[in-house]
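Participant: One-letter residues, chain by chain:
2 protein chains.
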Amino acid sequence: MRTHTCGELRISDANKEVTLAGWVQKVRNKGGLIWVDLRDRYGVTQLILEEGSTDKQLLDKAASLGREFVIQAKGKVVERAAKNDKMPTGDIEIRVSAIEVLNPAKVPPFIIEDETDGGDELRMKYRYLDLRRNVVREKLQLRHRMMQETRKYMDGQNFIEVETPVLIKSTPEGARDFVVPSRVNPGEFYALPQSPQTFKQLLMVSGFDRYFQIVKCFRDEDLRADRQPEFTQIDCEMSFVTQEDILNTFEGLVRHLFRNVKGIELEEVKRMTFAEAMKFYGNDKPDLRFDMKFAELNSVAKGKGFSIFDQAELIIGICAKGASEYTRKQLDELTDWVKRPQIGAKGLVYVKFNTDGSLKSTVDKFYSQEDLKAWADVMGAEPGDLMLVLSGDEKATRKQMSELRLKMGEDLGLRDKSVYKPLWVVDFPLLEWDEETKRFHAMHHPFTSPKREDIPMLETDPGAVRANAYDMVINGVEIGGGSIRIHDRATQQLMFKHLGFTDEEAQKQFGFLMEAFEYGAPPHGGIAFGFDRLCAIFGGSDSIRDYIAFPKNNSGRDVMIDSPSTIAEEQLKELSIQVAIATK
Amino acid sequence: MRTHTCGELRISDANKEVTLAGWVQKVRNKGGLIWVDLRDRYGVTQLILEEGSTDKQLLDKAASLGREFVIQAKGKVVERAAKNDKMPTGDIEIRVSAIEVLNPAKVPPFIIEDETDGGDELRMKYRYLDLRRNVVREKLQLRHRMMQETRKYMDGQNFIEVETPVLIKSTPEGARDFVVPSRVNPGEFYALPQSPQTFKQLLMVSGFDRYFQIVKCFRDEDLRADRQPEFTQIDCEMSFVTQEDILNTFEGLVRHLFRNVKGIELEEVKRMTFAEAMKFYGNDKPDLRFDMKFAELNSVAKGKGFSIFDQAELIIGICAKGASEYTRKQLDELTDWVKRPQIGAKGLVYVKFNTDGSLKSTVDKFYSQEDLKAWADVMGAEPGDLMLVLSGDEKATRKQMSELRLKMGEDLGLRDKSVYKPLWVVDFPLLEWDEETKRFHAMHHPFTSPKREDIPMLETDPGAVRANAYDMVINGVEIGGGSIRIHDRATQQLMFKHLGFTDEEAQKQFGFLMEAFEYGAPPHGGIAFGFDRLCAIFGGSDSIRDYIAFPKNNSGRDVMIDSPSTIAEEQLKELSIQVAIATK
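Residue numbers (my numbering), protein chains in the order written: chain A, 79 to 662; chain B, 79 to 662.
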């Protein structure tokens, strides 16, 4: 149907008779000439028809073409008079001898250009038209590239790609499962996997040694902007490895992707313990594109009569380099910002380290220039810098300061989307206390091994037990996480006990795994990367939705195909279920 | 945890101090020597310990190792006295200096060797142990190789891999859907895709031009041995193509896979129309590893007083080369075989073309040597051959003869698993009549385009309309099928009408697709390969189940994890459904 795509003809093709096919991007009609921009995935090629030298019927046909018509055009490649060096095909045009309309098109509901006038809702409903825009399609081409390169690396490292089942068993741990009623087994349900965790561990028991899969996973959670009910993971597991082996292998993967997809040589991947991350950045996924480390000021700021600080559990400051020129208005806005309910700070103390060496703070009444100089020393501040200080309850203050640090990084232009700062955060706590259910939850998952030296603390101080667990963080976004797993029945049982499972519950849900551990399970560990998010990071976007071909909206609906939907009574009957909507 | 795998040490590694880890395959203890075969995915390495030169404690530890214990062993690589040239590591052994038991193992429920004593049920329950057997793991390694090579080819051909959604919309056409209740949208359900058909067509409307995906699909059908509720497809679609372009592209894929996975240069892929396949082989997926084409005998066998033939609608014969020596007993068995209810023939006529040139048949009473010689001419039979003849109603007779042909091929050893005969079957009928529902069904699917010249027959003789549809067949197995699609609203609507949809039903189910066709849909077509089956063919197996890591049994159960299972009342309530098992 075509001899060439719309992206490939060059001046060296001049005089060739060609056939192209694609979409009409634009028709211009001026001074007896008609130009048609013909578009496909590969590019745009200009067609030209001239009054006089072209027959009238063909001219009329060309003039009547609408936007997004699908046509086939035959003609000769000729050199353009006015070259367009912005287009790869800009040196040539096609002098058209025949046009066939393969399919006409209605006027699209929004403009199919990089800049469109379509709102979110409309573009979701006509996603197939939105995907026609170059900027959108390119995101999915990036995703394709990421998938191919991931597989190339993993295959090269001797990992075997194994497809694990989608119809599995519902487990009460973690997020809510999507379930699937079984027709053949009335009253019983499959669940869709939140991850292939137990299967990949069983593959290690099977001696597969190195497993990976790029796999759809499912969580029936209330959706936020960056969550989808179905999402994709790069899921991996290795046997006979230490944590160090895993970090090196997957640092290699990320390095390979940056090199081969973006042409970037990634710098060294830093490492930081969870405790350090919390202490210096107030969260477990610090954005290292900028410094602004927390400095603790208790020793220099207490005992000077400022009661707020004197009563605070923790006083911490950050130093915003070169920001001493912030105006009063800017600083007031910053103060209002930290006091917003989402942040929740009581107030903000700032100290300007003026370029003349003087210090000006909101607490000059309590602190002398020497006192403030001592703060500056702790924070590493120099003339020209702005120091921002928060205080209060330790946990809350770190959290607030983390938000403030990110905002300052943003405001000062330090979060450059073309810069990538990868980081391993290691030594996560094994358990976290859940106030609501009054019990411990597994911070990673129940299969994560505690550090051997911390096991005795399981009885005495469970919250302090560290896990062999690690996250990879890039630019403040967690892109992957994993752990060295438990591989013996006794430890796994102990773990379930500490998570509040009765022996019976543990056996019913995970008996097959614990039994497998008794038949020669090797030490093993693994990791899973959030593939949608990884693509978004590579694409320089904050939203994973852009990197999913057919995403769902915040109510889990696909508005294009109008799903979910009701099903026939007959179908429900076959599945031995009934709809029972609770009246409120 | 290891310096080498159990498959990599060679004589050139002699004197190296190494650490290996793996499973104890076998322990032998003889004349003061202990040998341990240590196994991992990569191979087996022999460990050796000698009384006297090894300390007592280590000897005792080695002697006490059980089968399938997971151990780590340190020692020195030494040349073996008695080399084993059947093992890649057979020139060396490890003189052990330390052993650590990483995990003991209970005695496995069946032997972990290529030949096992475990029955199907037991091996399914302990699938993780079955997967430990080399012969089983190698099947999944083949599958891995097939996936990687498929992607390599498709990527090289400019196809973009796009993940389409798993949570989609239930449609009444085709097999039964698995459904997923939506918690957020009470009373509504997602369906799991039977194929990504509509999504890949929308991607063509989006201008993706070439799409592929290796994707899980789902069908809630009653299971047979070679069906699974979840299965994998290589799913593909292309724009601006003719059928010829598609056949060439995917012949290329299959050729690439044979070359790169099996080292086989595939011969030319033959082409045959559906009509020819039915006429000469009695089915739409002929096994071309052997000839035995049907010969029609009506003109030579009627009118000789044999009333069975005289009354038959069709008389067909096949010629089994070199089988004239079949004994009376064998021929009686063959006659019994065709009369079994599964085959349903009334009887079997045979003619031996003896090596002396004489002809001996079961119908000598009615046919002279000359008559039988005329049969032989039609069938291409020569002295030494056996002719087998069936007669009756045309459709049934072709079907019976197809079965008989396959059986003869099998019995005569003509269905060699190492020989591959690929074939395109083209020009399938568009519709097939369903006696039960008394209406036409789409033979491929409702999106398949009729041949343009046959469209008028839609009104007059729908069953005779041919489709732009094709199957790839290898060795009598359909491994893939596809079609050129309808790409305009009017034809799609006409098609739905002929399939018995009301306009309203068509709009409700597929309105989004028909609307998409109005916004500039390019001509397009595609194909889907059954990936599990393709792997089985490549592996020389009849069962797809062997090529699936965690298959389900014939009741759709995963007996290893015990799924499906009941779920909590709480969970049902959240999902706004109730279990309602019909009492019979």
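Hints listed in this document are in silico derivations from the structure and should not be mistaken for laboratory results.
Since we're looking at a predicted model, the values are computed, not measured.
Possibly wrong hints are sitting among the right ones.
The list treats identical chains as one, so a pair stands whether inside a single copy or across any two.
To be verified - Listed below are the simulated DSS-like cross-link pairs for lysine-lysine, each with C-alpha atoms no more than 25 Å apart in a straight line:
1) Lys348 x Lys651
2) Lys477 x Lys495
3) Lys203 x Lys586
4) Lys294 x Lys230
5) Lys417 x Lys104
6) Lys477 x Lys371
7) Lys340 x Lys230
8) Lys529 x Lys134
9) Lys451 x Lys94
10) Lys134 x Lys380
11) Lys424 x Lys94
12) Lys477 x Lys230
13) Lys586 x Lys651
14) Lys203 x Lys424
15) Lys363 x Lys575
Participant: Each hint needs a verdict: does it hold in this structure or not?
Facilitator: Hint-by-hint comparison with the structure:
1. Lys348 x Lys651: neither (57 Å within a copy, 47 Å between copies)
2. Lys477 x Lys495: within (24 Å within a copy, 65 Å between copies)
3. Lys203 x Lys586: between (43 Å within a copy, 15 Å between copies)
4. Lys294 x Lys230: both (19 Å within a copy, 21 Å between copies)
5. Lys417 x Lys104: neither (52 Å within a copy, 69 Å between copies)
6. Lys477 x Lys371: within (13 Å within a copy, 79 Å between copies)
7. Lys340 x Lys230: Both. Shortest intra-copy (15 Å) and inter-copy (20 Å) distances satisfy the 25 Å Cα cut-off.
8. Lys529 x Lys134: Answer is neither; intra-copy 82 Å and inter-copy 33 Å both fail.
9. Lys451 x Lys94: neither (77 Å within a copy, 61 Å between copies)
10. Lys134 x Lys380: For lysine 134 and lysine 380, the Cα distance exceeds 25 Å both inside one copy (90 Å) and across copies (66 Å).
11. Lys424 x Lys94: neither (74 Å within a copy, 66 Å between copies)
12. Lys477 x Lys230: neither (40 Å within a copy, 46 Å between copies)
13. Lys586 x Lys651: Between. Shortest inter-copy distance 22 Å satisfies the 25 Å Cα cut-off; intra-copy 29 Å does not.
14. Lys203 x Lys424: For lysine 203 and lysine 424, neither the intra-copy (44 Å) nor the inter-copy (60 Å) Cα distance is at most 25 Å.
15. Lys363 x Lys575: Classified as neither; 30 Å inside a copy, 57 Å across copies.
Hints 1, 5, 8, 9, 10, 11, 12, 14 and 15, counting from the list given before, are not met by this structure.
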